[in-house]
Structure formats: C-alpha cells, structure tokens
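> On the provided structure of chain P, position chain L with the ligand as indicated by the hints.
Protein chains in written order, with the numbering used here: chain P, 1 to 243; chain L, 1001 to 1445.
Hints are supplied without guarantee of correctness; some may be wrong.
[Said to hold, decoys possible] Below, simulated PhoX-like cross-link-like pairs (lysine-lysine); rule was C-alpha separation at most 25 Å, straight line: (1) K1002/L <-> K198/P; (2) K1093/L <-> K50/P; (3) K1004/L <-> K1312/L; (4) K39/P <-> K1172/L; (5) K1143/L <-> K37/P; (6) K72/P <-> K34/P.
[Claimed, not checked] Going by beta-carbon spacing under 8 Å, a handful of chain P positions derived as facing chain L: (7) K37; (8) V47; (9) R48; (10) E124.
Read the hints as simulated data drawn from the structure, not as lab findings.
The structure presented is a predicted model; accordingly, all values stated were derived computationally and were not measured.
C-beta: ideal position from N, C-alpha, C; glycine also.
Read off the chains here:
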Amino acid sequence: MKYILILGATSDIAIACAHEFARNGYGVQLAARKQDKLKIIAQDIEVRHKMPVTCHTFDALDYESHHEFWKKLPHRPEVTLCAFGYLGQQEKGQTDWREAWQIIETNFTGAASILNIVAQSYEEQGRGSIIGISSVAGERGRQSNYLYGSAKAGFTAYLSGLRNRLYKKGVHVLTVKPGFVDTKMTEGLDLPGPLTAKSEQVAKSIYKAHRSKKDVIYTLPVWQLIMQNIRLIPEGIFKKMNL
Amino acid sequence: MKKKITNWSNYPVVEANLLPFRYEDELRQLLNSQQEPLITRGNGRCYGDAALGPNILSSLPFNHILSFNEQQGIIHCEAGVMLDELLELIVPKGWFLPVTPGTSFITVGGAVASDVHGKNHHKDGSFSNHIVELELMNGVGEKVRCSREEKADLFAATCGGMGLTGVITKVKFRLKKVESSFINQRSVKAKNIDEIFGLFEQNEGYTYSVAWIDCLQKGKDLGRSVLMLGEHAKREELPNRQQMHPLKVPASKKVSIPFNFPSFTLNPLSVQAFNFAYYNKMLGNEKKDIVSYDPFFYPLDSVLHWNRMYGKKGFVQYQFVLPLEQSRQGLIEILEKINSRKMGSFLAVLKLFGEQESLISFPMRGYTLALDFPIVNGLFEFLDELDDVVMKYGGRIYLTKDARMKPEAFWKGYPNAQKWVDILKKYNPDQKFNSLLAQRLNIIS
Ligand SMILES: Cc1cc2nc3c(=O)[nH]c(=O)nc-3n(C[C@H](O)[C@H](O)[C@H](O)COP(=O)(O)OP(=O)(O)OC[C@H]3O[C@@H](n4cnc5c(N)ncnc54)[C@H](O)[C@@H]3O)c2cc1C
Chain P
1 MKYILILGAT SDIAIACAHE FARNGYGVQL AARKQDKLKI IAQDIEVRHK
51 MPVTCHTFDA LDYESHHEFW KKLPHRPEVT LCAFGYLGQQ EKGQTDWREA
101 WQIIETNFTG AASILNIVAQ SYEEQGRGSI IGISSVAGER GRQSNYLYGS
151 AKAGFTAYLS GLRNRLYKKG VHVLTVKPGF VDTKMTEGLD LPGPLTAKSE
201 QVAKSIYKAH RSKKDVIYTL PVWQLIMQNI RLIPEGIFKK MNL
Chain L
1001 MKKKITNWSN YPVVEANLLP FRYEDELRQL LNSQQEPLIT RGNGRCYGDA
1051 ALGPNILSSL PFNHILSFNE QQGIIHCEAG VMLDELLELI VPKGWFLPVT
1101 PGTSFITVGG AVASDVHGKN HHKDGSFSNH IVELELMNGV GEKVRCSREE
1151 KADLFAATCG GMGLTGVITK VKFRLKKVES SFINQRSVKA KNIDEIFGLF
1201 EQNEGYTYSV AWIDCLQKGK DLGRSVLMLG EHAKREELPN RQQMHPLKVP
1251 ASKKVSIPFN FPSFTLNPLS VQAFNFAYYN KMLGNEKKDI VSYDPFFYPL
1301 DSVLHWNRMY GKKGFVQYQF VLPLEQSRQG LIEILEKINS RKMGSFLAVL
1351 KLFGEQESLI SFPMRGYTLA LDFPIVNGLF EFLDELDDVV MKYGGRIYLT
1401 KDARMKPEAF WKGYPNAQKW VDILKKYNPD QKFNSLLAQR LNIIS
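Bound-form chain P, shown alone (with noise of 0.2 Å):
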C-alpha cells in the first residue's frame, strides 16, 4: 500500500488532503504536535474511508528531533505533504520578535529542516513525492504580511530549488500556492466569492496535480492572474499602496 506523511495534519487544507489521498487508496501518516485532535481526525479518515491511518508527534520548531521523526516512521511514505505553518500577527511581529521569530521559523526553517531529511531519503530511493503548501502571499511583500510572505517567499524558492535538483532524480516536487480559502471555520466570514476557493476543492486539485506532475499550482487558477498583475506592478508605484 502507498501512503502519504502528512506534516501539520491539523490545517483544514491538511485535513481535506487526507481524505482525499485516503479516498484515492492511501494509507494516512498523520503527524502533528497535538496528539488529541489527530485521534478523532484519524478515526474519521478510518471509518469513513476505510484505509489506516497512524497519528505522529511532529513539532516543526524542535530541529533535533525532525531525524528521529523520520526515521521512526513505520513506512516509508510515498508522498510527504509539508502543510505546516503560522500565520502569527503582522503587527506584533514589527516589534515582539518572539512573533517575527516563530513565523518564520515555522513557515521556512522548520520546513526547510524536515524537507531536507525527505529529500535525502527520496533521492537516494530515487523516487517519491514532496509536497509543499507555500503562499500567494510569499510572491510579493506586502505592509500587511510581509513576516508571513518573506518567510513563505523563500519556502517557495527553496521548493523550486528542490525540484530542480530532484527532477533528474525521479522525484517531484509539486508547489501549492492557496489565495483565500474557505474553511468550516471561516464559514460566514465575508470572504470575496469568486476568489475563496474549499478546502475540499483545494485537496482535490492537490491530488490531481501530484497525479499529473504538476511542478506548480494556484489554488484557484485565477489567483495565478492576480499575482501576475501584483507582481508587474513597479516598486515605486507598489510601495505607495494600501496592501
């Protein structure tokens, strides 16, 4: 049976993804740093999906630990979908860098240090998949975010820089890069139309991007467009805006 690892299994994204794989014929490595929450999500993957699910303490933040992690795994995952990460706040990050700090670590370093250890494994295996949930907002800085997207920015570039590496080596690398979702938390939240993709929706075009390849998806297409057009904007113009 082929599983997939699932890092941060406690995001709605990550949650969606699970059944999706799971529905799809996988086996299920749920890891996260709360034990209690995985138990009822894995038990609801079980029963309704009818594959096996095990739960993992993961803590994205303790670095020493990420090796152990691995290689404790009872089996080696087909797919390793990296959904962690911390949105924390813009505004106290500025000049609480405990904040600044865990936003970063959490959306790159701790991604970068887990990753490191999958890609190794896979590529001596020479095969395997890596998943990455990054940002639309690591593509431009914003006053906002701009804690959250640098951090994102280079979660990005070090996904392409693994897949680069990882291509000749019969290993994808597939980016995710999520505009606004909604969620069943968000439920009832003005989020605008149009641009809010579900979470159910963004695991199913997960799926169907890593069974076709993809090296990088928008979720939704549109987004794509958006970024596009945010990314032509010139500095001097860009930086006198309200984003």
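Showing chain L with the ligand alone in chain P's frame:
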C-alpha cells in the same frame, strides 16, 4: 466580530457572533468563556429563528464520524455531520437513513433537535425513534449522556427540544437496511381533497407517502393533488443495467441560484404556471417508475439555494398538523382562506402522520400541510388567522419552520409545553442556551 446571519427563509436576519468549534475542547472553552446566552446552529436549514441569537455556536466543523457498524447498521457520529455525507458512506454498504427530511443538507444535531420526520412517519416515526444514545455538553462544559434508559427526561426534552437543553455533541442511531439505492415510485392523481384523503388512507401500507397539493384550486377541485408513494426497490426489481450497481450513490449535479430573485417573480400568476406545469407533467392517472433516492427524497437539493427565488425579503414556511378527525374540515377552511387571499404558495406538501408519543416533537396522528409564503404586507396578520383555525381544531405549528407565531399558539398547540420547560430549568438552569425562538414564544423568559 458580528456578522449577519439568517436561516433558510432569509427571515429574520440577525447580527450575531458566530462561534465555530471543531473539537470538544474548543466547545468547552467557548462555553466557559462566554457569559452571554448561546444557541447552537447546524446547517441553518430550519426556516426561522430557532437557531438564531446574539451568540451562535456553529457545529459544522464538528463533523467526525466515530464508528459505523456495517453488520448491525449503527452509526455513531458528531452532531455536525451532514446527512448527505452519511448517505455517501452508508448507501454503498446497503444501509439508509431511518428517517430523512426533504433535504439532505442538514446536520445530525439538527435532525435530533427538531426531531425531524420524513415521508415514512406513519411507518417509522420520527428521527428520535431510531436514536440509541445521545451525548450533550451542558452550559458549564460537562458531558452528559442520555437515552431512553439513562436520564430519560433529558433525552425526551432534547428530541425536538430546539437546542435548548444544551449542545448535542454525539449521536448514535440505527440505520435502515436496503437492497438498493433505488426507489420504486408510484404517483397517483387525486381530483380533490376527498380523493387524496382516501388515497392516503388506502396506501398506508407503503413505506413512503407524500402529496403535492395545488393550492390554487377551488370548489370541487379544492385539494387537487398528486400522491407520491415509494418503497426501497429490491434488487430483482431493478432493470438489468442497474442490477450491476444496485447500491450506487447518485452523482451530484447541482445548480445554484446565485442571487436573490426580484420578489415580483412570485406573484399568483407564476405560481399558477408552475402548478399547471407540474400537474400536467404526468399525463395518465397513475405512473410507476424506478428512480434513484436523490430525486425521490431530495427533489429540491439539485437546485442549491432555491430559497433565493423568494427575493431579498425572504419567505416563511408555514407547517401545521391537525388531529385526524379534524383534518378534513380544518384543511378545507385553510385552503379556502389561502385561495380567497391569493396568498398562493409555491410548494405545498401534504402528508398523513402516524401515531407519535413524545414530549415536545411536532408530529401527531393526522394530516400535516407545509406551505411557503413570500413575505408581503399583511402576511403575518393572515398567518395569525390561520393559526386561529389550527388552534380551533386542536392542531399545532412546527417550531423548526416558524419565525412569527405568537406565544399563545405555541402554548396551546403543545400540551406538554410546561413539562418540557420544567425539564429545561433542570438541565439549563442558568438559561445559558437561549434563542430568538425561545424568547419569542416565552419558553425562556
Ligand atoms: C428544503 C427543506 C426541506 C425540509 N423538509 C423537512 C421535512 O420533510 N421534515 C422535517 O422534519 N423537517 C424538514 N425540514 C427542516 C429541517 O429538517 C430542520 O429544520 C432541521 O432541524 C435543520 O437542521 P440543521 O442542521 O440545518 O439545523 P439548524 O437549522 O441550524 O438548527 C435547527 C434547530 O436545531 C438546533 N440544533 C442544531 N444543531 C444542534 C446541536 N448540535 N445541539 C443542539 N441543538 C442543535 C438549533 O438550535 C435549532 O433549534 C426541511 C428543511 C428544508 C430547507
């Protein structure tokens, strides 16, 4: 942050804090940190103000399925799980919901709190009939289990209790065994009210029965209707092609009505046209066919947001039941009133209920009629008049669809109301759970 929230009939609209929870811990935290009254909301498919208040707990993210016993057909799940998700899981294994309302887009918690009924009420009773056990969380974040055996008073007050006993967290209930996902459907035309009553009573042997009634007919045509009967199809009754996949779950082909229609589209003329088209689709007097469960149980689910057809002002659904002996007379009186006012209803659904013993649930032996009315000037006064007729004949009005009745109509219609309120005092002592409906009807004052 406050936002505008409304249920299915787009009336009333309230500004409220929406507080979603995904895990028990999160719910407990919300309960402990909120001083103000709360009410739980599932998928907001109740029509009126039952799931509304200034602070609304949203159970939608709380939607894990805990177990499914495929041998015995018992499901155990959290309250935010939706019926359409359950069907996807259970139908391929040869099981079906024991009771389902006319939409699959409701949560299991909502099914319990309104103690919903389906087209099989005369055979299988309401939803609560099939519950093995419930778990609630009370106002201070403690878990409380109840069933017919354990805390039976709490169980009785929770089924049909409109969320006022606490947050229903887990529900364990029995499913119905089926051989296929198809329904053997028979439809029969009825010229008038006497014919349709006769047909209902003759056909009580059928598992499912419901009639669509054309409210614009008068005189000798009053009560012109089509009765729809159904049985779960047996495997050998299916055409060859379907026998290959007898438990197929129909693929969803959903279209959405993206915005509110202007309200003028629903004048009596358009209603008449709709009725005519519907009625004449069936040319013979009787028609038999085999259809998938989706069109049979959920004909409106294929048009997402059909409620927007009624425009921005919204609409109300009026559903009442009359005791069997009074049903004929009461129904005639009400249909005549509707007729003379040209308050024509887009959809009117008639059904004969079976016996029901319960504390506060809606059904009772007799006929129930559900009508939609777009909100126009004078409507509420008109509905008060209808209430008087319903009360005169000893009937009652369905709480989950109500947004406007006066307290007297509630207290008169539900003979166990005081008993129910006493149990609420015991389990909801600080009135932590309260809704606009509960306040409007003086249930919690
Ligand atoms: C098209 C359509 C057809 C329908 N057909 C039928 C029918 O045939 N028969 C029938 O009986 N009903 C019918 N209904 C009504 C519907 O089934 C009920 O209103 C049902 O309760 C809605 O469930 P919900 O999950 O949307 O709950 P909501 O509408 O969100 O809430 C309904 C009530 O349940 C309470 N509640 C919800 N979840 C919880 C919880 N976890 N704990 C405590 N209280 C809770 C709320 O406080 C509220 O009082 C129909 C509705 C529609 C829109």
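> If you test the structure against every hint from before, which numbers come out violated?
10
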